[in-house]
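Taken in sequence, the protein lines are chains A and B.
Under the numbering used here, the first residue of the first sequence carries the number 1, and numbering increases by one thereafter.
Under the numbering used here, the first residue of the second sequence carries the number 1001, and numbering increases by one thereafter.
Zero decoy hints are in this set.
Keeping only pairs whose Cα atoms sit at most 27 Å apart, straight-line, the calculated DSSO-like set for lysine-lysine is: (1) B/Lys1003 - A/Lys323; (2) B/Lys1003 - A/Lys325; (3) A/Lys3 - B/Lys1323; (4) A/Lys185 - A/Lys261.
Listed next, the stretches of chain A that the computed footprint assigns to chain B, with coverage defined by at least 3 CB atoms under 8 Å from CB atoms of chain B: (5) 26-34; (6) 37-43; (7) 94-106; (8) 116-129; (9) 134-142; (10) 148-156; (11) 325-331.
From the derived model, a few chain A residues whose C-beta atoms are all more than 12 Å from chain B: (12) Ala163; (13) Arg213; (14) Gly240; (15) Leu245; (16) Ala264; (17) Leu288; (18) Glu308; (19) Asn316.
The set of hints was computed from the structure by calculation and includes no laboratory data.
Backbone N, C-alpha and C define an ideal beta-carbon position, used for all residues, glycine too.
Protein chains: 2
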Amino acid sequence: MKKNENSILEFIARGQGSDGAGRARGAGLRVGIGDDAALWRPRAGYEAILTCDWFLEGNHFLADLHPPRSAGWKCLARAVSDVAAMGGEARCFLLSLALPESRTEKWLASFLEGLGDASGALDCPMAGGDTTRREQVLINVTVIGECHHGRAILRSGARPGDAIFVTGRLGEAEYGLRLLHSGDKRLTMREPRLQKHLYPVPRLEVGAFLARRRLATAMMDLSDGLSSDLPRLCAASGVGARIELDRIPCVRIAKQDSSGKFDALQMALDGGDDYELLFTVAKKNVALVPKAIGPVAITQIGEITAREEVALTDENGLSRPLKNKGWDPFR
Amino acid sequence: MKKNENSILEFIARGQGSDGAGRARGAGLRVGIGDDAALWRPRAGYEAILTCDWFLEGNHFLADLHPPRSAGWKCLARAVSDVAAMGGEARCFLLSLALPESRTEKWLASFLEGLGDASGALDCPMAGGDTTRREQVLINVTVIGECHHGRAILRSGARPGDAIFVTGRLGEAEYGLRLLHSGDKRLTMREPRLQKHLYPVPRLEVGAFLARRRLATAMMDLSDGLSSDLPRLCAASGVGARIELDRIPCVRIAKQDSSGKFDALQMALDGGDDYELLFTVAKKNVALVPKAIGPVAITQIGEITAREEVALTDENGLSRPLKNKGWDPFR
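Can you build the whole structure from these sequences, using the hints too?
Rendered as structure tokens:
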């Protein structure tokens, strides 16, 4: 049967899984999908975190390259990453979806599977959204999160002398993207080297830990690459930074790929889509930062400086400016 | 100077006007544009209303037909209309904007003027958003509203015997759209007949009045047309409706247009984009509903029935089913 707007909305609502209603109530949702708007009850003593993110076919994913399941997972995961970057918990999300009629069946079902997986894993049920028709798939996700009032970690609190940390390994998503673009027929969507690109995991636990302990002076997530994002954190804080090259936890290039095609350092500096956290900690508190939280490594990579420039120091102590070569859609 | 993502974000933030920061604080925004996410403090005793809306070039507006100022106004006004439809107040909004580089100067400035006008008029400051590049302008607006806990008016509360009301005149937006499409060179963007289409005004005061007095048993806004939207309200409430044709407050066709080209009743039934309110009131409370609130007329047009069908009754008492011919992007 040909789908219309009402039946697509029903299909999307059903796609949220059998535990969707229970999770929705747990998230404080009194009215979810199906009315003019959702009704959500914030908790006393908490602030709401509001964020939205584009995820567009042609810009952020390609229909012939990316499985719809990945699109479903990633559109939510990357928006939730902004909540992690404030030190908050995700509570619920709104999905705005535009798609061609040809994708309202199999593609949509698989997309909703990935979205449902992310929604379950990140404890963030769907609250509502908007659906329309378009030749290409357009996605916009709004996430509502929460944190204790006054505990959110902003970009603006870094001070000279603070240590700079990152979670995970940088450049892994870029590595996956390049492998996917290589057209290697032996790659399956289960290939471990592709997972960070296809199914990134926002660092909610690390962010919440840092907010709870009041350990981080500033934080943001790495969505466009360290060389784009670190200057933003510095600008917001009115400071500079010195990064030590040999401390950066770079993506590990697999043996079969070590043909000089992949520059791990360059991918770690300029690759986007990692959704790792970048944060700063006052010198006196550095020892309180664990080496890892769960499976997620935490690595000190440098120091905040008073001089408003971002520099890279190599193993010989030589410094050069960090050039902003990360992702910018208008470049 | 060529704009990049950072400078476009600054341009957008500045476009929110000199009173933007003051209004933002008033709305409970502790952190707005510029961080990973916004921080918003809900008021004690209130629920949050969450809604988002597409506004896409090619679908919802045309670059060569619609002034950018109208696009800026309308993208926010129509999203706020969902808050009015719950009986709430708008608090703040997130703007997701994708646009080609050629529109980052004059077009964007004019768009932001219209958006700023709506933001001021609707008391709804910008809290944040996301910007990227795209060949066509894509807009998604998320609005966060509030209402006293338990006072929101849902679609699902209509009961047999309830009176059905609408605000304003129906079909006015469709009339404006058709005039605009007619290519009449004498039309200016100030032409009164175009205003409802270009600059719709969400019925926040009427919605809030009904919620405060607990007068409406069900409510929604008319975005796709009465013939599409009334069946949705009926389905959500598990009821039917009988509308009296001669009671429908139809758009008034100007003398110069009375050439048979414009069917006021058809436009009132099937025309979208009016953003008037459709609501139901228990019979015993009908006398408590005013004839108008401010400049906005309120008209009783029919009655909720137990039989689950939506019928139109003409002046001779003859009934026929109301055919769903409103806007459906998948039709």
